[in-house]
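For chain A, the structure is supplied; the task is to place chain B on it using the hints.
Read top to bottom, the protein sequences are chains A and B. Number 156 in this note's numbering belongs to position 156 of the first sequence; there are no gaps in the numbering. For this note's numbering, add 1000 to where a residue sits in the second sequence, where the first one is 1.
Think of the hints as simulated: they come from the structure by calculation, not from any bench. It cannot be assumed that every hint is accurate.
[What the hints assert, rightly or not] Derived pair list, reagent style DSS-like, types lysine-lysine, alpha-carbon separation capped at 25 Å:
# : chain 1 : residue 1 : chain 2 : residue 2
1 : A       : Lys161    : B       : Lys1005
2 : B       : Lys1110   : A       : Lys205
3 : B       : Lys1053   : B       : Lys1063
[What the hints assert, rightly or not] Anything over 12 Å on all C-beta distances counts as not near chain B; from chain A, calculated:
# : residue
4 : Lys22
5 : Lys48
6 : Ala138
7 : Asp178
8 : Leu257
[As the list claims (entries may be wrong)] Here are the in silico distance ranges between beta carbons for each label pair:
#  : chain 1 : residue 1 : chain 2 : residue 2 : range
9  : B       : Met1024   : A       : Asp111    : 29 to 39 Å
10 : A       : Glu45     : B       : Lys1005   : 51 to 61 Å
11 : B       : Ser1004   : A       : Arg23     : 47 to 57 Å
12 : A       : Lys22     : B       : Val1106   : 12 to 22 Å
13 : A       : Lys256    : B       : Ser1004   : 37 to 47 Å
14 : A       : Lys31     : B       : Asp1037   : 27 to 37 Å
15 : B       : Glu1049   : A       : Asp253    : 26 to 36 Å
16 : B       : Gln1046   : A       : Asp229    : 40 to 50 Å
17 : A       : Asp66     : B       : Ser1004   : 43 to 53 Å
18 : B       : Lys1006   : A       : Asp253    : 33 to 43 Å
19 : A       : Thr90     : B       : Pro1012   : 13 to 23 Å
20 : A       : Thr3      : B       : Glu1049   : 55 to 65 Å
21 : A       : Pro136    : B       : Asp1037   : 38 to 48 Å
22 : A       : Tyr29     : B       : Arg1020   : 31 to 41 Å
The beta-carbon is built from N, C-alpha and C at its ideal position, and this holds for glycine as well.
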Amino acid sequence: MATLVGGITSSHIPAVGIATTKRLFDDPYWKPFFDGYVPVREWMEKVKPDVVISIYNDHGLNFFLDQVSTFAIGAAHHYDNADEGWGLKTMPPVPGDPELSWHIIEALNKDEFDLTMCQEMKVDHGLVVPLQVIWPDAEEWPVKVVPVAINTVQHPVPSAKRCYDLGVSIGNAIRSYDEDLKVVVFGTGGMSHQLQGERAGFINKRFDLDFMDKIIDRQQELTALTTTDFIREAGSEGVELIMWLTMRGALGDKVKLLHSNYHAPISNTGAGVMLLEPVE
Amino acid sequence: MSWSKKDYDDIPGTYVFDGRRAVMGWPLNKMCMTLNDEDNREALRQDVEGYCKKFDMSDEQTKAVKDLDALAMLRLGGNIYYMAKLIGAYNLNMQDIGAQMRGITVEEFKDMLLRQGQEVV
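Next comes chain A alone, as it looks inside the complex (with noise of 0.2 Å):
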């Protein structure tokens, strides 16, 4: 059967990509971010899992308005990055799984979400930066990809108690999933920052930390937040931040921190990272 071996949060900022791609690595305003980083990778490296699902927001690349998926899971047997529009370098195509995107969906059905299927989906910075800080060397990609988006474009957004629950469908999904793999669910995004308006900049560092105090163990006092909880206290764009409640579901109710790291500001966001291994 597979196994879910562990969880990670990460910020999805394209100033990451590029610092990455620069390899600021040792820059003093990136060094503080990047430090945090290294237990990641090393635990990747130690663990070497087969099959990353993440769940991040598409930010304009495959989705428009003219039709906005609440929950997607992409079906395919690799996914596409490409221009978004900014100068971000378009990074290799990412390797699917798609027999296991359809044990995912069928098992999701079961649980009463219905998520869009996509047999072609294009993957952007939401998902590709996280894969990109935490493998800067590879030139393919070392696992598999599930992408699952989660609209955070268009109001009303699901909630935070909404995705938690997808999330939890997701991790049973997984464990019973009839195929030996070691698979690791991202939850990517956030955390406090808002782009738009005369509030444009606003980062509330202690919403921040005290989320991702929270996560570990209490996490029902941040799925009772509301989404106006989460623009008012986190920016109009720290709503990103249901992605990790929607991979803290998907660990089940106990979990062991094994690395945190918080750095702000990057860019105009907060960013925070953590390895989060389930407890049985």
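This is chain B only, laid out in the frame that chain A set:
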């Protein structure tokens, strides 16, 4: 047509992209979405008004694009993720535009970000 009041309406300086804004901003956002393609970015730079005309944008929306006035675009239904493509077409980034929306310099905007990161909590 009527739009209900929302509990986020009182958050200052924030334009939540809900149905009301999506309806208003449709042509503007549709234009911005085409800017994933370099040929289209070049076509826009060559002739902003002509390019915007293809999308049935309002005169106000076209003027906001021409002026690269981010607050005006937001007020006319622009979505920041799609606007980012327009901003990128002119080699600007989210800090340039953040400073513009705050009415401060880019240096002041960056200092403000640093200060928030240094806050003792």
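Consistency of the hints with the structure:
1. For a cut-off of 25 Å, the pair hint linking A:Lys161 to B:Lys1005 stands: about 23 Å separates their Cα positions.
2. At roughly 16 Å between alpha-carbon atoms, B:Lys1110 and A:Lys205 fall within 25 Å of each other, so this suggested pair holds.
3. Note on B:Lys1053 and B:Lys1063: the hinted pairing holds, with a Cα-Cα distance of about 11 Å set against a maximum of 25 Å.
4. With a least beta-carbon separation of about 15 Å from chain B, A:Lys22 lies farther than 12 Å from that chain, consistent with its non-interface assignment.
5. Distance to chain B confirms A:Lys48 as a non-interface residue, since its nearest Cβ pair spans about 34 Å, more than 12 Å.
6. Chain B leaves A:Ala138 outside its interface by the beta-carbon criterion, the shortest separation being 25 Å against a cut-off of 12 Å.
7. At roughly 39 Å, the least C-beta separation between A:Asp178 and chain B is larger than 12 Å, which holds for a residue marked as non-interface.
8. Non-interface status of A:Leu257 relative to chain B is upheld: no Cβ of that chain comes within 12 Å, the nearest being about 19 Å off.
9. For B:Met1024 and A:Asp111, the hinted distance range of 29 to 39 Å is satisfied, since their beta carbons lie about 37 Å from each other.
10. For the pair A:Glu45 and B:Lys1005, the beta carbons lie near 53 Å from each other, so the given range of 51 to 61 Å is met.
11. Hint check: B:Ser1004 to A:Arg23, Cβ distance near 50 Å, so the stated range 47 to 57 Å holds.
12. Checked against the hint of 12 to 22 Å, the pair A:Lys22 and B:Val1106 passes, with Cβ atoms roughly 20 Å apart.
13. For A:Lys256 paired with B:Ser1004, a C-beta distance near 44 Å keeps the hint of 37 to 47 Å intact.
14. For A:Lys31 and B:Asp1037, the Cβ-Cβ distance of about 36 Å falls inside the hinted range of 27 to 37 Å, so the restraint holds.
15. Against the hinted window of 26 to 36 Å, the Cβ-Cβ separation of B:Glu1049 and A:Asp253 comes to about 58 Å, which falls outside the hint.
16. Evaluation of the 40 to 50 Å hint for B:Gln1046 and A:Asp229 yields a pass: the beta carbon distance comes to about 45 Å.
17. Separated by about 24 Å at the C-beta atoms, A:Asp66 and B:Ser1004 break the suggested range of 43 to 53 Å.
18. Checked against the hint of 33 to 43 Å, the C-beta distance between B:Lys1006 and A:Asp253 comes to roughly 34 Å, which is consistent with it.
19. Look at A:Thr90 against B:Pro1012: about 38 Å separates their beta carbons, and that is not inside 13 to 23 Å.
20. Between A:Thr3 and B:Glu1049 the CB atoms are about 58 Å apart, so this pair conforms to the stated range of 55 to 65 Å.
21. Roughly 28 Å separates the CB atoms of A:Pro136 and B:Asp1037, a value that falls outside the hinted 38 to 48 Å.
22. Taking 31 to 41 Å as the suggested C-beta distance range, the pair A:Tyr29 and B:Arg1020 conforms, at roughly 39 Å.
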